[in-house]
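As you go down the protein sequences, you meet chains C and L in turn. Everything in the first sequence is counted per UniProt numbering, starting at 1 for the first residue and increasing by one. Everything in the second sequence is counted per UniProt numbering, starting at 1 for the first residue and increasing by one.
Watch out, some of these pointers could steer you wrong.
Going by beta-carbon spacing under 7 Å, a handful of chain L positions derived as facing chain C [to be verified]:
(1) GLU181
(2) THR418
(3) GLY440
Partial selection, computed: residues in chain C whose CB lies under 8 Å from chain L [to be verified]:
(4) ASP197
(5) PRO221
(6) LEU222
(7) GLU224
(8) GLY250
(9) PRO351
(10) GLY353
(11) ASN383
(12) GLY416
(13) THR418
(14) ARG442
No wet-lab data here; the hints were simulated from the structure. Keep in mind it's a predicted model, so treat the numbers as computed, not measured. C-beta atoms are modelled at their ideal positions from N, C-alpha and C, and glycine is treated no differently.
Number of protein chains: 2
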Amino acid sequence: MSPDAPAPLPPAARRFLTGLFPGDAAVFSPEETCVFGTDASRRHALPAAVVRPETEEQVRELLRFAHAERLPIHCRGRGTNTVGDCVPAPSGIVISTARFAEILEIAEDDFVAVCRPGLVTGDLQAALAEKRLFYPPDPASVRFSTLGGNVATCAGGMRALKYGVTRDFVLGIRAILPGGEAIDTGGRTHKNVTGLDLTRLLVGSEGTLAFFSEITVKLLPLPEATATALCAHADADAALAAAGDIFRAGMLPAAMEFVDRTCLAAVAACRPLPWGEQAGAALLVRLDGSEGALAADLARLEGIFAGRGPLFVRTAREKAEQETLWEVRTTLNQASFRVAPDKISDDVTVPRGAIRAAVARIQDVAAQERLPILVFGHVGDGNLHVNIMHHAADPDERGRALAAREEILGLTLALGGTLSGEHGVGLSKLPFLDRQIGPGERGLMRRIKAVFDPHGIMNPGKAY
Amino acid sequence: MSPDAPAPLPPAARRFLTGLFPGDAAVFSPEETCVFGTDASRRHALPAAVVRPETEEQVRELLRFAHAERLPIHCRGRGTNTVGDCVPAPSGIVISTARFAEILEIAEDDFVAVCRPGLVTGDLQAALAEKRLFYPPDPASVRFSTLGGNVATCAGGMRALKYGVTRDFVLGIRAILPGGEAIDTGGRTHKNVTGLDLTRLLVGSEGTLAFFSEITVKLLPLPEATATALCAHADADAALAAAGDIFRAGMLPAAMEFVDRTCLAAVAACRPLPWGEQAGAALLVRLDGSEGALAADLARLEGIFAGRGPLFVRTAREKAEQETLWEVRTTLNQASFRVAPDKISDDVTVPRGAIRAAVARIQDVAAQERLPILVFGHVGDGNLHVNIMHHAADPDERGRALAAREEILGLTLALGGTLSGEHGVGLSKLPFLDRQIGPGERGLMRRIKAVFDPHGIMNPGKAY
Numbered sequence: 001m002s003p004d005a006p007a008p009l010p011p012a013a014r015r016f017l018t019g020l021f022p023g024d025a026a027v028f029s030p031e032e033t034c035v036f037g038t039d040a041s042r043r044h045a046l047p048a049a050v051v052r053p054e055t056e057e058q059v060r061e062l063l064r065f066a067h068a069e070r071l072p073i074h075c076r077g078r079g080t081n082t083v084g085d086c087v088p089a090p091s092g093i094v095i096s097t098a099r100f101a102e103i104l105e106i107a108e109d110d111f112v113a114v115c116r117p118g119l120v121t122g123d124l125q126a127a128l129a130e131k132r133l134f135y136p137p138d139p140a141s142v143r144f145s146t147l148g149g150n151v152a153t154c155a156g157g158m159r160a161l162k163y164g165v166t167r168d169f170v171l172g173i174r175a176i177l178p179g180g181e182a183i184d185t186g187g188r189t190h191k192n193v194t195g196l197d198l199t200r201l202l203v204g205s206e207g208t209l210a211f212f213s214e215i216t217v218k219l220l221p222l223p224e225a226t227a228t229a230l231c232a233h234a235d236a237d238a239a240l241a242a243a244g245d246i247f248r249a250g251m252l253p254a255a256m257e258f259v260d261r262t263c264l265a266a267v268a269a270c271r272p273l274p275w276g277e278q279a280g281a282a283l284l285v286r287l288d289g290s291e292g293a294l295a296a297d298l299a300r301l302e303g304i305f306a307g308r309g310p311l312f313v314r315t316a317r318e319k320a321e322q323e324t325l326w327e328v329r330t331t332l333n334q335a336s337f338r339v340a341p342d343k344i345s346d347d348v349t350v351p352r353g354a355i356r357a358a359v360a361r362i363q364d365v366a367a368q369e370r371l372p373i374l375v376f377g378h379v380g381d382g383n384l385h386v387n388i389m390h391h392a393a394d395p396d397e398r399g400r401a402l403a404a405r406e407e408i409l410g411l412t413l414a415l416g417g418t419l420s421g422e423h424g425v426g427l428s429k430l431p432f433l434d435r436q437i438g439p440g441e442r443g444l445m446r447r448i449k450a451v452f453d454p455h456g457i458m459n460p461g462k463a464y
Numbered sequence: 001m002s003p004d005a006p007a008p009l010p011p012a013a014r015r016f017l018t019g020l021f022p023g024d025a026a027v028f029s030p031e032e033t034c035v036f037g038t039d040a041s042r043r044h045a046l047p048a049a050v051v052r053p054e055t056e057e058q059v060r061e062l063l064r065f066a067h068a069e070r071l072p073i074h075c076r077g078r079g080t081n082t083v084g085d086c087v088p089a090p091s092g093i094v095i096s097t098a099r100f101a102e103i104l105e106i107a108e109d110d111f112v113a114v115c116r117p118g119l120v121t122g123d124l125q126a127a128l129a130e131k132r133l134f135y136p137p138d139p140a141s142v143r144f145s146t147l148g149g150n151v152a153t154c155a156g157g158m159r160a161l162k163y164g165v166t167r168d169f170v171l172g173i174r175a176i177l178p179g180g181e182a183i184d185t186g187g188r189t190h191k192n193v194t195g196l197d198l199t200r201l202l203v204g205s206e207g208t209l210a211f212f213s214e215i216t217v218k219l220l221p222l223p224e225a226t227a228t229a230l231c232a233h234a235d236a237d238a239a240l241a242a243a244g245d246i247f248r249a250g251m252l253p254a255a256m257e258f259v260d261r262t263c264l265a266a267v268a269a270c271r272p273l274p275w276g277e278q279a280g281a282a283l284l285v286r287l288d289g290s291e292g293a294l295a296a297d298l299a300r301l302e303g304i305f306a307g308r309g310p311l312f313v314r315t316a317r318e319k320a321e322q323e324t325l326w327e328v329r330t331t332l333n334q335a336s337f338r339v340a341p342d343k344i345s346d347d348v349t350v351p352r353g354a355i356r357a358a359v360a361r362i363q364d365v366a367a368q369e370r371l372p373i374l375v376f377g378h379v380g381d382g383n384l385h386v387n388i389m390h391h392a393a394d395p396d397e398r399g400r401a402l403a404a405r406e407e408i409l410g411l412t413l414a415l416g417g418t419l420s421g422e423h424g425v426g427l428s429k430l431p432f433l434d435r436q437i438g439p440g441e442r443g444l445m446r447r448i449k450a451v452f453d454p455h456g457i458m459n460p461g462k463a464y
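Make the full structure from the sequences, and use the hints.
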């Protein structure tokens, strides 16, 4: 038995699952379940079984059984989680939402959509755009990750600056509790203050409380148009100062992304950058609104940029042209693997005013550990994506990469920040959580979990 | 002893309070405590004692004692709650936050403010405006109500349409639990996904979980300018159709308020309305943004209005001129009492697409019960303020007013709505809550309360 082989499922449990999930809707052999044992954290644990429900009733039956039999349950969308939330350790039953993925309703006049958890968020957005409707949250994984997973981690994204995160768009959840009971939290009104806010307690709970059967999200009217400005500066300080100027002018862009020198070098190795001189940082700003309003705002933005002596400024209003400007940001992940084959990725977040200090200190860590560290992210939210590039096969480099990570988490907390702005805690950040959250608060979280899940079967050992 | 006289405080408790709260910081006589026994619900119960802490340590000591002695605790800001959340029944100790009201910090670069709960929200907004910062939530009571109260009820307001409600702006809370333990939830980063979301569980908890000692709110850059458009229509349908057109054009105004025929008549009795013909409804729209962008958006808005054959349209960009237009809405409360001396006020909320049906059915109820019912509110949120005007001294009228209220709550739920969009449940709506929230969900809420407050001393018997 390999070290990560699961405890074998009791024969009665296997019979139960086979009966409830006919055909290939339940699989047990390592060959079939293996792929459901990992996620973007690159951790792995072999599931005891994987089931693919198509109906809520199947999930209710399963949670009745698992609750009674004390079997761990791991809910899984597309496995894009970066902190191990989808890794079934301790071994248990993985519920894949791949076949529980419909858009149940798009209510245009209510500005509401009701969806199954397995729906890919980007597919929802595409369906909405046809009706000139808009679901703003846009995690980088939006074309692959599911709404259920986004809700379970309170996914953010570039547009969080103006529009907020997933939490701000979830109006109601129909959830199945361990034991099989279905609850309906919230509703389909845009405002609702009746009783404790169970809806937002479920959002970001990383699969530890309940299975989400139906998710009702708030929609906005799709803005008429968007525009993009790309601005390159001599160094990070100048770029971040320009970001501050934008806020001081009373502007709240739809997105504002920062890309540091190491990132620019990585991208430049893949494709020519649109500026001649050596730039030390770039700022990408997306505006949205009415056509006429955008023209005025874009002119204003150019004036603000000019005040910080940029090396390069370009604006775009055509979609294709905008996407070209955004390539400095969107090609980063791909470009990063040209720098080194392995990556430790973090999404530390600091108070907005501490972002210049955070970038400078992370660059110090990079120098000290002699590793390329890419720093980019949602500067408006203080949310920095940090990619520590290294050769994991080299034990010394791996050691320095892990040391760098720990230093970066430490400096983040020292600056009043948080271990995670978007990805969650999962398994990867759990060892660090005590540095941020005290025993009183963690005790409350665990006792609240026990209210939903008294036997602790839902994604046990994760998140808090 | 009058029927609502409280159970007398045990002598030891009185000694404890007098020691902890010297001078007039603790009062016991009905003459002094009476005013702390009511709120905008017009209900009343005499407190056993009222204390006015100036330090967190006093609150911690008090909650240690009250927890041990099983004494009910009622937190109170300025008593603007409309559903009885501030009414100390069952009788207990009222904690007034009147002397616990400082702005602890405005961190301009972090876009964060840290405040004590007794701070009047309008005072915070005024202090922020001097620094070109913006805390959007604007309940009608904003000039009188406190941040602590706003957080306890998840207050909304006109700007919720574009910016969201109080929940969306609370980043962290330092709270004192029964027993005296202090917990720190969330933080001062704009994004944070570590552990269960205790912060938003506290928001809207109506004083039932903990005392809020420090509240950290997210700030936005203050928009450069605002503009207002007032548009009068022949009937509610035309006005609400115009509201739909605005959304369909991809516009998301900062506020969009609807005022019905009965409201217009009430206002007209106080001051001349700016249109000659008889209008059946009006729509008020506020835009905000950069000066140049606003000019473009305002022109667009006028074009949209024109498509529904309005009786009257006026726009304004100067502050004073805007306020004149808003008087149709802001004078409503005062005007309503010219219609009749007594009011039953509700803040029912329906899915946005059901608002035309809701307005029509409420008007039917008014006709059937032969009572003037003012309907106005945040049309973009589906949130209608309903004022059932009547003479409470006339038992028949009072009976019809109560019947009208029940019918309106019923039709709201039948349309998929919620009993409360802004005010909360408190005492007034508690008898109706079972019609909206099932026993499973209420059971979870109560068990979560028990995690925070095992002896049930915090605002007992309210909200859920």
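Holds or violated: the hint that GLY250 (chain C) contacts chain L, with Cβ atoms closer than 8 Å. It holds, given that the least Cβ distance between GLY250 (chain C) and chain L is near 4 Å, below 8 Å.
Tell me if PRO221 (chain C) is really an interface residue toward chain L, meaning its C-beta lies closer than 8 Å to one of theirs. Holds. Min distance 4 Å.
Please check whether PRO351 (chain C) passes as an interface residue: C-beta within 8 Å of a C-beta belonging to chain L. This hint holds: PRO351 (chain C) lies near chain L, its Cβ roughly 4 Å from the closest one there, short of 8 Å.
Quick check on ASP197 (chain C) please, does its C-beta sit within 8 Å of some C-beta on chain L? holds, 5 Å
When the least beta-carbon distance from THR418 (chain L) to chain C is tested against 7 Å, hint result: holds, 4 Å
Against chain L, is GLU224 (chain C) within 8 Å by beta-carbon distance? Holds: closest Cβ of chain L sits about 4 Å from GLU224 (chain C), inside 8 Å.
GLU181 (chain L) as chain C interface residue, shortest Cβ-Cβ below 7 Å: holds, 6 Å
Proposed interface contact between ASN383 (chain C) and chain L, which counts if any beta carbon pair is under 8 Å: The hint holds - ASN383 (chain C) has a Cβ within 8 Å of chain L, the shortest such distance being about 5 Å.
Per-residue hint verdict: ARG442 (chain C), partner chain L, C-beta under 8 Å: holds, 7 Å
Agreement of hint THR418 (chain C) with chain L interface, Cβ distance less than 8 Å: holds, 4 Å
Interface hint status, GLY416 (chain C) versus chain L (Cβ within 8 Å): With a minimum Cβ separation of about 6 Å from chain L (threshold 8 Å), the hint on GLY416 (chain C) holds.
Does GLY440 (chain L) meet its interface restraint, that is, does its C-beta lie within less than 7 Å of any C-beta in chain C? holds, 5 Å
Every hint, counting from the list given before, is met by this structure.
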